[in-house]
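Could you put the whole structure together from the sequences, leaning on the hints where they help?
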Amino acid sequence: MKTPVVSVQAVSKWYGQVIGLNDVTVDISSGIIGLLGPNGAGKSTFMKLVAGQLKPSKGTVNVFGQPIWGNSMAYADMGYAPDQDAFYERMTGLEWVTALARLSGLDESAATKAAARALSSVALSDVSGKRIGAYSKGMRQRVKLAQALAHDPRLLLLDEPLAGMDPIGRRRTIKLIREWAQAGKTIVVSSHVLHEIELLTPNILLINNGRILAEGNVHRIRELIDQHPHRVHVRAAAPRVVAQAFLEYPHVISLELEEGAVVVETSRPDEFYTQLTDLAASGSVGLIDEVTSPDDNLQAVFEYLVEQ
Amino acid sequence: MNEGAQESVDGQDAHAARNRVGRPGFLTSSVRVFDFTLSEMLWSRRTIFMALVAGGPVALALLLRAFASFAWLDFEGRVDGSSLEVTGPAIFGLMIWAFYLRFTVPVLGVFYGTALIADEVEDKTLTYLFTRPISRGAVLFGKYLAYLVCTNLVVLPSVVLVFFIVVPMSGNIGASFPSLVVDLGLLGLGIAVYGSIFALIGAWFKHPLLTGLVFVFGWEPIGTVVPGYMKNLTVAYYLQGLVPHAMPQDGSMGMVRTVLQAFQAAPSISFNLFWLSVILVVTLLGATRIVANKEYVLEQ
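If you read the sequences in order, they're chains G and S.
In terms of the numbering used here, the first sequence is numbered consecutively and its last residue is 308.
In terms of the numbering used here, the second sequence is numbered consecutively and its last residue is 608.
These are computed hints drawn from the structure, not numbers from a lab.
Idealized CB from N, CA, C, for every residue including glycine.
Incorrect hints may appear among the rest.
Claimed, not checked - Examples of chain G residues toward chain S, derived with CB under 8 Å:
1) 51
2) 55
3) 86
4) 100
5) 102
6) 104
7) 249
8) 274
Stated by the list, open to error - No farther apart than 30 Å at their CA atoms in a straight line, the calculated lysine-lysine pairs in the DSSO-like style are these:
9) G:55 with S:539
10) S:432 with G:130
11) S:432 with G:137
12) G:2 with G:175
13) G:58 with S:432
14) G:175 with G:137
15) S:432 with S:514
16) S:539 with G:58
17) S:432 with G:175
18) G:55 with G:2
19) S:514 with G:58
20) G:113 with G:130
21) S:432 with G:113
22) S:602 with G:55
Now the structure itself:
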């Protein structure tokens, strides 16, 4: 039998009295696996356990057939983009990714080439000489992906990689992640937005309160989530103009203007995200900086699932 | 060739490059971490604090020199009926001990040494270093090397400045120069030993800065004056034993010796060097071991 790339067996993780993950067993082999759950569900704890940054309180986590905790060798073939927005702000994107590629075992020239290539693949070549501190939220997300990718690992762990990206960056990143999977990488992606996960893969792990609630195809969850209105927070240079454009969409239930942003409630998130991306690409409503989705709609689905 | 296929081919290049180089060894990894973190450390806000601490003795030296130039201070006096002149080399020796070895070096050691890992935890950047195919010990050691370079770059020039400001006051720069070299070596050693102790404290304790300050301003001063073996558990005791040999042997040494009576009982240089080396190695090994096994939970 083929050894799974990631094997999590009866793993629990406590933070003092608080349980982060509760008796989770899952094997991940290849392709893209979406880890879906609301904030505080245990997604990041799961990712950190698989990345060897946390030690299981109970159970075992193996990566490439070896326990990951205390096994630094495994990182030669693993790339991890954590959820935290933390960087060496004074370094340029190229310096940072090159330095981390060197730490991954590449020599100076190979590391520089690999870093330039990784930055190019996430469309950051033109700003690679700029300090990370001056990057936008979307650029920061993408440079995090570049550092995870530069040493060409077989396993990629991407914790909320699309959070805060603009629509075009989001579409590009989704395309990239799918290409990496097609190239043979195993990718675990976490998100609290079903729509994002759905665009990446039909294979999901549903997680809530530290437990895996369901594993497998996304369609049933899709049916459930469609029963709940989906809220999207769009930060834009001209929110009133953007809101006016949204008014023409029949699936938009409500609109709320905030300072520098508009909050939309839609009954058809798929359609909305597609239209939003097209709208941003057309440039007719000015710059759209950031799109985020609060997880209250997903939370409602999870509450429903737990009740079942 | 499409973009995806190009990526794949390029990726194979990266794979091949890594396989060719292999997993970097402990020292190579440490040097790479050192490269990575030196500029971050050097240009941090902490360096401003460090420059202020190291600049204090320089300011004092300038003040003394000004007083001496304008004859506002009398550097001559009488002790036990015989005349005594406090020369520049003697003042310099006293400053090395009182300002640098007993204050600047341990204080900088506390602030930098305890922060080697703590800063990465606080900034949540530790993950990037700990998800590489290098040992966690190499991460700590590389950062420790950066600390050594950083502190030496600030402290040693300050000492050299003080030397050239103070020593010419009734002293001879040429004659005192060998002692400066010894003093610089002594300070470098002090920086290394204190840094390793505070790296251990930083890796071990939840509130390392507080623990480190208690060590510097509580344990060390008390340990060196309490009779018995307690002094053997301080760094200051072993450094004290090296200071007199670094001081100029001129007529004014009597007064300095009187001030620093504790030195008289100091054991041999080799004894002090041996124990300082033991402290350095044991604490560094302890720190790397703790870092290797400790779970760092980065707050969300």
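TODO: Quick one: which hint numbers does this structure break? Sort them smallest to largest.
DONE: 7, 8, 9, 16
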